[in-house]
Amino acid sequence: MSESIEAKMNVIIVKNRAEGGKKGFEVFENAYRNGAQVFGLATGSTPVTTYEELTQSDLDFSQMTSVNLDEYVGLAPDHPQSYHYFMQQHLFDQKPFAHSYVPDGLNSDAAAEMKRYDQIIADNPIDLQILGLGQNGHIGFNEPGTDPALGTHKVALTESTIKANSRFFDNEDEVPRYAYSMGIASILKSKHILLEAYGPEKAAAVKAMIEGPVTTDVPASFLQRHDQVTIIIDEAAASQLSEKY
Numbered sequence: 004m005s006e007s008i009e010a011k012m013n014v015i016i017v018k019n020r021a022e023g024g025k026k027g028f029e030v031f032e033n034a035y036r037n038g039a040q041v042f043g044l045a046t047g048s049t050p051v052t053t054y055e056e057l058t059q060s061d062l063d064f065s066q067m068t069s070v071n072l073d074e075y076v077g078l079a080p081d082h083p084q085s086y087h088y089f090m091q092q093h094l095f096d097q098k099p100f101a102h103s104y105v106p107d108g109l110n111s112d113a114a115a116e117m118k119r120y121d122q123i124i125a126d127n128p129i130d131l132q133i134l135g136l137g138q139n140g141h142i143g144f145n146e147p148g149t150d151p152a153l154g155t156h157k158v159a160l161t162e163s164t165i166k167a168n169s170r171f172f173d174n175e176d177e178v179p180r181y182a183y184s185m186g187i188a189s190i191l192k193s194k195h196i197l198l199e200a201y202g203p204e205k206a207a208a209v210k211a212m213i214e215g216p217v218t219t220d221v222p223a224s225f226l227q228r229h230d231q232v233t234i235i236i237d238e239a240a241a242s243q244l245s246e247k248y
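Read in this note's numbering, the sequence shown has 97 at position 94, and its numbers run on one by one without any break.
A portion of the hints provided could be inaccurate.
[Unchecked claim] 30 Å max Cα-Cα, derived DSS-like pairs, lysine-lysine: (1) Lys26 <-> Lys98; (2) Lys194 <-> Lys157; (3) Lys26 <-> Lys194; (4) Lys247 <-> Lys210; (5) Lys11 <-> Lys26; (6) Lys194 <-> Lys11; (7) Lys18 <-> Lys210; (8) Lys157 <-> Lys118; (9) Lys11 <-> Lys25; (10) Lys166 <-> Lys210; (11) Lys26 <-> Lys247; (12) Lys11 <-> Lys247; (13) Lys157 <-> Lys25; (14) Lys210 <-> Lys26; (15) Lys210 <-> Lys25; (16) Lys157 <-> Lys192; (17) Lys98 <-> Lys118; (18) Lys25 <-> Lys247; (19) Lys18 <-> Lys166; (20) Lys210 <-> Lys192; (21) Lys118 <-> Lys194; (22) Lys194 <-> Lys25; (23) Lys194 <-> Lys210; (24) Lys25 <-> Lys98; (25) Lys98 <-> Lys18; (26) Lys118 <-> Lys192; (27) Lys192 <-> Lys98.
The hints are simulated quantities; they were obtained by calculation from the structure and are not laboratory data.
From just these sequences and the hints, can you work out the full model?
Structure (structure tokens):
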């Protein structure tokens, strides 16, 4: 028997990424005004319009904490394709936080890094976590087949993820093959989860996440088990959903 409790998910369908960014900002602002102190952040092209809205706002994060989802293994913080660098460019330079945590991609001791980052999350319970969605249904770097009970872990990236990320590098051979990522269990500890997804290439994953069974084949489907999830998608990403949306 499949498990599906999608009624808990608040699905917002927008025209495009720009409108999605404005809606994403509204979610951030509401959390901020209601006392959120710790924000879980994501990288990639999906949240950029939300970050643009945040940087143009009057919200002050100088007393807040941020905790990032993931980081490539082997990239220094100042590498142009590191997620630390991405966050500096798109948010932190304009809106600094009191404390900003990103996994240490240069820590070759995976066990130590996983333990360190799990402790950071335990010490800083996340009030609002933003997520993107992979075409294969991954969240963070939790690829299909990932044990949902895992906390922070070292991930071998799938070929589809490597190919999707290769557009950010000069060639596919330069894309790191491993990453440190919050686990599904880590993500589900967040008080409120905001997931954004745009484009027709995300439509199948969106449908599986919202309307399919909870399964390790679609890591994002585990969000059905969370009590407060807001999903912002454009019309293209929503194109395979049932008519009730």
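| Is the hinted pair Lys192 and Lys98 satisfied, with a Cα-Cα distance of at most 30 Å? | holds (25 Å)
| query | Taking only the CA atoms, is the gap from Lys118 to Lys194 under or equal to 30 Å? | reply | Between Lys118 and Lys194 the Cα gap is close to 22 Å, so the pair holds against 30 Å.
| For the pair supplied as a hint, Lys210 and Lys192, is the alpha-carbon distance within the 30 Å limit? | holds (23 Å)
| said: What's the verdict on Lys26 and Lys98, does the C-alpha distance respect the 30 Å limit or exceed it? | reply: Cα-Cα ~19 Å, so holds.
| said: Hint check: Lys25 vs Lys247, CA-CA at most 30 Å. Holds or violated? | reply: holds (24 Å)
| query | Are Lys98 and Lys18 close enough, with their CA atoms no more than 30 Å apart? | reply | holds (27 Å)
| field | Given hint Lys26 paired with Lys210 - CA-CA distance at most 30 Å | value | holds (20 Å)
| 30 Å limit on alpha-carbon distance, applied to hinted pair Lys157 and Lys192 | OK: Lys157 and Lys192 at ~19 Å, within 30 Å.
| request: Would you check the hint for Lys157 and Lys118, treating anything up to 30 Å between C-alpha atoms as holding? | output: holds (11 Å)
| query | Are the Cα positions of Lys11 and Lys26 separated by 30 Å at most? | reply | holds (19 Å)
| query | Does the alpha-carbon distance linking Lys26 and Lys247 stay inside the 30 Å limit? | reply | Distance of about 20 Å is within 30 Å: holds.
| Regarding the pair Lys26 and Lys194, is the alpha-carbon distance no greater than 30 Å? | holds (19 Å)
Against the hints set out earlier in the document, a violation occurs for number 13 only.
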